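Enquirer: Chains as they are written, first to last, in numbering that gives the first Met the number 0: chain A, 0 to 90; chain B, 0 to 353.
Simulated from the structure, these hints should not be mistaken for laboratory data.
Worth double-checking, as some hints may not be accurate.
Incomplete in silico selection of chain A near chain B, CB under 7 Å [to be verified]:
hint: 1; residue: G5
hint: 2; residue: V7
hint: 3; residue: R9
hint: 4; residue: I11
hint: 5; residue: A12
hint: 6; residue: Q14
hint: 7; residue: V18
hint: 8; residue: V20
hint: 9; residue: E22
hint: 10; residue: V24
hint: 11; residue: A32
In this text the structure is predicted, and so the values were computed from the model without any measurement.
Beta carbons are placed, not taken as given, at the ideal position from N, Cα and C, and that holds for glycine.
One-letter residues, chain by chain:
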Amino acid sequence: MKIKSGFVIREIAGQYMAVPVGERVNDLHGMIALNETGAFIWNLLENEQTEDDLAKALIEEYDVSYEDALEAVKEFHELLIREQVLEATNT
Amino acid sequence: MNDCDMPPYPELLRRFAKAQRIPLFAQLELTARCNFNCRMCYIHMDDKHIKKLGQELTTDEWLRICREAKEAGTLYISLTGGEIFTRPDFQELYTKLSEMGFLITLMTNASMIDEKVMSWLKKRPPYMVRISLYGSNNDVYRSVCQVENGFCRVDKAIRLLQEAGIPIVLKSIVIKNNASDIREMYRYASERKLNLSVTEGIAKPVRGASSEASSVRFEPYLEESKNPDQVRLKKLVDGHGPFPHRPEYLMECKPYGSTFTVSWDGKMSWCSFLSNPYVDLNNCSVDEAWQKLMEITSKIHKPEACNNCKYEEYCLRCPGVLAAECGSYDQVSEDFCQRAKRLYFLYNGIKRED
Ligand code: SF4
Ligand code: SF4
Numbered sequence: 000m001k002i003k004s005g006f007v008i009r010e011i012a013g014q015y016m017a018v019p020v021g022e023r024v025n026d027l028h029g030m031i032a033l034n035e036t037g038a039f040i041w042n043l044l045e046n047e048q049t050e051d052d053l054a055k056a057l058i059e060e061y062d063v064s065y066e067d068a069l070e071a072v073k074e075f076h077e078l079l080i081r082e083q084v085l086e087a088t089n090t
Numbered sequence: 000m001n002d003c004d005m006p007p008y009p010e011l012l013r014r015f016a017k018a019q020r021i022p023l024f025a026q027l028e029l030t031a032r033c034n035f036n037c038r039m040c041y042i043h044m045d046d047k048h049i050k051k052l053g054q055e056l057t058t059d060e061w062l063r064i065c066r067e068a069k070e071a072g073t074l075y076i077s078l079t080g081g082e083i084f085t086r087p088d089f090q091e092l093y094t095k096l097s098e099m100g101f102l103i104t105l106m107t108n109a110s111m112i113d114e115k116v117m118s119w120l121k122k123r124p125p126y127m128v129r130i131s132l133y134g135s136n137n138d139v140y141r142s143v144c145q146v147e148n149g150f151c152r153v154d155k156a157i158r159l160l161q162e163a164g165i166p167i168v169l170k171s172i173v174i175k176n177n178a179s180d181i182r183e184m185y186r187y188a189s190e191r192k193l194n195l196s197v198t199e200g201i202a203k204p205v206r207g208a209s210s211e212a213s214s215v216r217f218e219p220y221l222e223e224s225k226n227p228d229q230v231r232l233k234k235l236v237d238g239h240g241p242f243p244h245r246p247e248y249l250m251e252c253k254p255y256g257s258t259f260t261v262s263w264d265g266k267m268s269w270c271s272f273l274s275n276p277y278v279d280l281n282n283c284s285v286d287e288a289w290q291k292l293m294e295i296t297s298k299i300h301k302p303e304a305c306n307n308c309k310y311e312e313y314c315l316r317c318p319g320v321l322a323a324e325c326g327s328y329d330q331v332s333e334d335f336c337q338r339a340k341r342l343y344f345l346y347n348g349i350k351r352e353d
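In isolation and in its complexed conformation, chain B is listed as follows (with noise of 0.2 Å):
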């Protein structure tokens, strides 16, 4: 290998991190609570429902989370939520944690970020903030988030970071209610010079959390259509052919062995998806935690009906996307499954048409 074919540092210390199962990544989901309601949201709540399933952790507990983090190799913290502005004390706990030695990556739907906040996150900025973007404008905005003036919020949340010179990268979640506006927002991204990543891979809700998902589902795939529009929309949306086959389970899920997160209520899994296996951290150490969770993990195999599917190649599925969509990382769906088939016809259909 010489020096061009070197990956970069980080890539190289997460190899390192993974060989040796050190946490090097952390995802900590502060809140479930949002002052969007997104219809495909897998994870919000309201301070009821929330208040019946658990307790939000405390500043104290999250900065008592995070020193046990750093002991055990945590480098890189991702604050989720939720909506990760909505805690009253999330000034005074990225202002904590901006002290600690991490790099910090805050992703939000960014509509609380305003001149108030800027004059503290300026200071000491994030790593970067990775916004999501469910529109180009407030009409879709209020069809995917049911917000007023949400476009106009995120835009004037965008710019002022750019001014700040924090590093943002966009992201996206297609749905029915803002398929039709994909191109109007790579527009708005390129104008921002900014990447955008859009995904269609919607979960079903987890964690006693509910959603619209499974009806506001964009799936190109499905459509049987040979329209030109929707081939270019699937690669657009899509972008690559199909999917090497899959001997190892746990192969699947490049973060597993180097990441962990932590739910809303201190339950450290690997994958926000998985909520099962878990380990509770109101009860333990972050140290013993992971090594509880790897050798718990270590354990899981895939489904009995993935040997020798056919459609393999053609299917999404890893342990979490099937724990959200089928219940468990263990169990297939008709429905889950259809999905890969479908692919898998539509795909070689569009071959042979090339």
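The shape of chain A in the complex, shown without the other chains (with noise of 0.2 Å):
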């Protein structure tokens, strides 16, 4: 999965979330919410990843273990779907 382009993740009061800018607008009005490992996984996802990748990458950067990485991937999979944010893929 990859995320579309068209979004800035900002920082504001300890708080992240996704802006779009440009014409990326068209497709979301306002922003999404994001908390720390959101943005993290959405920084990453600015290049192609599987969830398998995105577990790896969480565990590196935070003490989770591998299942409970695999579990917050596939729960913010389901966001960027239900926000139409990943671009289309070919499977």
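Fit the two chains together into the complex; they arrive one by one in their own frames, and the hints show the way.
Expert: Right, here's the structure in full:
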């Protein structure tokens, strides 16, 4: 999976958010609020990643088990699908 | 607090920002010029007058301010005027700002939004467009804004924006010239399925502008009449009872601590009515100016006269309003306080009748 281009991640007052820019504003009104891990994953998703890649990156960065990391990634993946911010894949 | 009591995310963000003194909101007054000539406008001036008082910031200067504002934590930007679409560089400025990661609100009289503007605006729509609605027909526009064909142009713009799915809110100011048209304005708003908020609180002109604010002010409170229409109208434009007692002066301003405004010539303040205190952005960065502004403003006090004032709960006072109405945030005037007194008597009269 990969995030569509045209988002800026902002950190304001300790909160993270993805804000659409330019023509991407047509796809999302407002912003998507993220937690710190969400922002971390989002940044990685500027390049193509699998759920496994992301879970491994999370255990490198945070003190979590692979199982917990994978669960968090799956949950986040669902959010991204709901918000329609992932690039279309051929699979 | 359970989930249902949680304020929505933007409100939470505002509270976090205010607590940490982060300038989450910026209101940028891109110009003092306007294609309308509204009788009560507290800001707009003609070119000659502007040149005498200062210089409008250039495209690059606004872009510099916005880059620095982003660094300082600004997320919401309101572009206001004057009329923003009178700036010849507005398309360029807006297009560049829309690439930076802000949620942009356009504040406009909408009269210059036509098919040509929509052709670029709808490609990168703003977060919101706040439109000032002054009447429900061209005659009222002629009387309030002193322009021809005003309503038709605004109505067309509203339809174009709605076709493009751009969120709109309508704001109106009631003065003597459009007071009898309020119901029609509400009817128009509801036909277009839009929210309309109406205020009768007009300010005297600031920063060298001139207007007819004092003579066109519409004050149902000042009429001692018991005419049921007057009472209904008061409820319509007011909709709330007495204001609670306010021990902390700066607490009277919700935006304080998370908002700044920049005037057309580059002065940062925390409210567009307050030309003082200000910090000149021509000489420093947004972050430096913001820190300085917070330091200076933290020391301001309410006027002496307000301590123990019996009419405080009926007073529309806040630092910005006092600055516009009485000359400074720490001054009152007989004229201004009269309104609180009359509202006190009128409100209590109405309460007894109820
Ligand atoms: S009525 Fe005048 S003195 Fe009383 S609170 Fe309002 S501004 Fe202050
Ligand atoms: S008008 Fe009053 S409440 Fe509004 S920003 Fe200015 S000082 Fe604050």
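Enquirer: If you test the structure against every hint from before, which numbers come out violated?
Expert: 1
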